[in-house]
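In my numbering, the protein residues as written are 4 to 580.
No lab work stands behind these hints, which were simulated from the structure alone. Please note: incorrect hints may appear among the correct ones.
Pair by pair, the computed Cβ-Cβ distance ranges are [as the list claims (entries may be wrong)]:
(1) G521 to N542: 49 to 55 angstroms
(2) N565 to D197: 24 to 30 angstroms
(3) S376 to N542: 45 to 51 angstroms
(4) R226 to D149: 52 to 58 angstroms
(5) A113 to D197: 37 to 43 angstroms
(6) L307 to F181: 40 to 46 angstroms
(7) D347 to A392: 21 to 27 angstroms
(8) V255 to F142: 42 to 48 angstroms
(9) V209 to P337: 27 to 33 angstroms
(10) L484 to N565: 21 to 27 angstroms
(11) R226 to R147: 57 to 63 angstroms
Glycine is no exception: its CB is placed at the ideal position from the N, C-alpha and C atoms.
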Amino acid sequence: MPYRLTPLFVAIGGAALAQAQPPQSPSPSPSQSPPKPAATPRLRDFEPMPDRWFAPGRPVETVGPDGLAIPVAPNDYVVNEAGSPWNPYRQNRLKGDFPILGTEDVFFAATVTNRFFFEKRDVPTPAGITGPGPVNPRFFGDSRQDFLQNDLSVTFDLFRGQQAFKPVDWRVRVTPVFNYTRLEGGEGGVVVADPSQGTARERGDVTLQEAFVEYHLFDLSDRFDFCSVEAGVLPFRSDFRGFVFEDTNLGVRFFGNADENKWQYNLAFFDQLDKDTNSGLNRYEDRDQNVLVANLYRQDWPVLGYTTSASFHYNRDRRSFEFDDNGFLVAPAPIGSYTPSELDAYYLGWAGEGHFGRWNITHAFYQVFGEESANAIAARSTDIDARFAAAELSYDIDWLRPRIFGLYASGDSDPTDGDAEGFDAILDAPNFGGGAFSYWNSQGLRFVGTGLTSPGSPLADLQTSKTQGQSNFVNPGIIQLGGALDAELTPKWRAQLGGTYLRFDDTAPLETLLQAAGIRREIGVEVFFGTQYRPFLNNHLIVQFGGAVLQPSDGFVRIYENGDLRYNAFVNVITTW
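All chains should be built: construct the whole structure from the sequences, respecting the hints.
So, in structure tokens, the structure goes:
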């Protein structure tokens, strides 16, 4: 705690100083008045404070008669502005700035976030049994859709810790989410299985999306290398970009660091909960799926500024018959053999992210092997042997960042030979390439009782649902090659513009599933654009809008019977307190 020098220390110091002085002139005669002792300056650099949390407000600088500012005494300066119960950028008991419950190290933080998302899109849509207007003789009908989703989340975080360098001793965190979705299309029997429900669907959902505890187990060194554990419904991403597994689900995670934070590690096990079909939020029902992830990160290796990682994933899926919340069968897939399947898949991965001077790089490689008891397309048991690779390279030029990227997911060359060679993830959500601004990456393209792609995933894996279906390793795979230009236009405004070339790795699974020969590999070329605006230079309000256009090529046209341009355009407004 800050302190003053006591008079005793001053007196001792003065005596020592006097002994060190050279001889002085004789003392003045009694008729002379003795000189006045020099004033001892006030030591204002050492001012006591009651504690480090409750500091008074910063004083207002005053102006003297001459119009000049009167300097504020050093001891009147304080570290923090006066607290405010509502302003999150001032000291705030609801933001973890003050201890609570009469303690010195127990804090509470609350965060309220609302996400409003609206999108207009054109996606291939199977013609409904009934609908407005005359019966459509073609397999695909009206492809226009309007989608709206609003999520209000409130996070309550109670924890004990010093909040500086040292990890928390314990934490309790819960996040309820209130959801509303509305989808309107042009075909009946598509947004919901019952055609009498019309062409629009409205749903609401309330769930406890996060609910977990964290506990500090032990320290490995005096530099706060540590090991901690989390248990409950918790968020987890298994690599830099979420290529294989990213979810918030029921599990336990051991994590920490070592060697002055050069090493970080995770060992996580999840007993997956099912998801709501429309909101994608957790539904407290067991999904009969277990996921195990172990990964290890090494910072600044082999060069400074670059982090490399190795990982292992295990996916054990025993899902049986399951209909989603809209009445559609999602497991087993309503294609091929219609047989429930048991899946065991093992992933070995290596990834890295960092920079070499102004060059930035992200890359990942995964090899997956295992077995599936009854694949729907192969109509038999299969041995899994598939690969995935992705890389993105960029260069910083002042406020511009040009980048190029490529993604490869292997496809199956022979669906009936018992070898499943098409790569699929466990539950991916990659921020890669065009990301959420890309048409291919963001849209769910449906056909023949299943999907070509799922929303939020670039993989052409023929799954019924990314969250409720099973991984499928008999698929055509995907190749993406593209480039983009990211721009920091102002401190408040950033944007990106880019394009991607898309093609299947192998179309044999599509030809088997659709009973259509001669499907070409070329999917098409897309152009995407996106921008983000932060009017207050903080995250209180973030406005995003963007969109993409896909010009289909022969493979896409052969599948969906139409070569028209496909598009999507959206606005996303995020407010946070």
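Hint check:
Between G521 and N542 the beta carbon distance is about 51 angstroms. The supplied range of 49 to 55 angstroms therefore holds. Between N565 and D197 the CB atoms are about 27 angstroms apart, so this pair conforms to the stated range of 24 to 30 angstroms. Our hint of 45 to 51 angstroms for S376 and N542 holds, since their Cβ atoms are close to 47 angstroms apart. Between R226 and D149 the beta carbons are some 54 angstroms apart, a value that agrees with the proposed interval 52 to 58 angstroms.
For the pair A113 and D197, the beta carbons lie near 41 angstroms from each other, so the given range of 37 to 43 angstroms is met. Distance hint check: the CB atoms of L307 and F181 are about 45 angstroms apart, consistent with the given range 40 to 46 angstroms. Taking 21 to 27 angstroms as the suggested C-beta distance range, the pair D347 and A392 conforms, at roughly 23 angstroms. The beta-carbon spacing between V255 and F142, approximately 47 angstroms, falls within the hinted interval of 42 to 48 angstroms.
Between V209 and P337 the beta carbon distance is about 30 angstroms. The supplied range of 27 to 33 angstroms therefore holds. Remark: the range hint 21 to 27 angstroms for L484 to N565 is upheld by a beta-carbon distance near 24 angstroms. Here the CB-CB span from R226 to R147 is close to 58 angstroms, well matched to the stated 57 to 63 angstroms.
Comparing the model with each numbered hint stated earlier shows that all of them hold.
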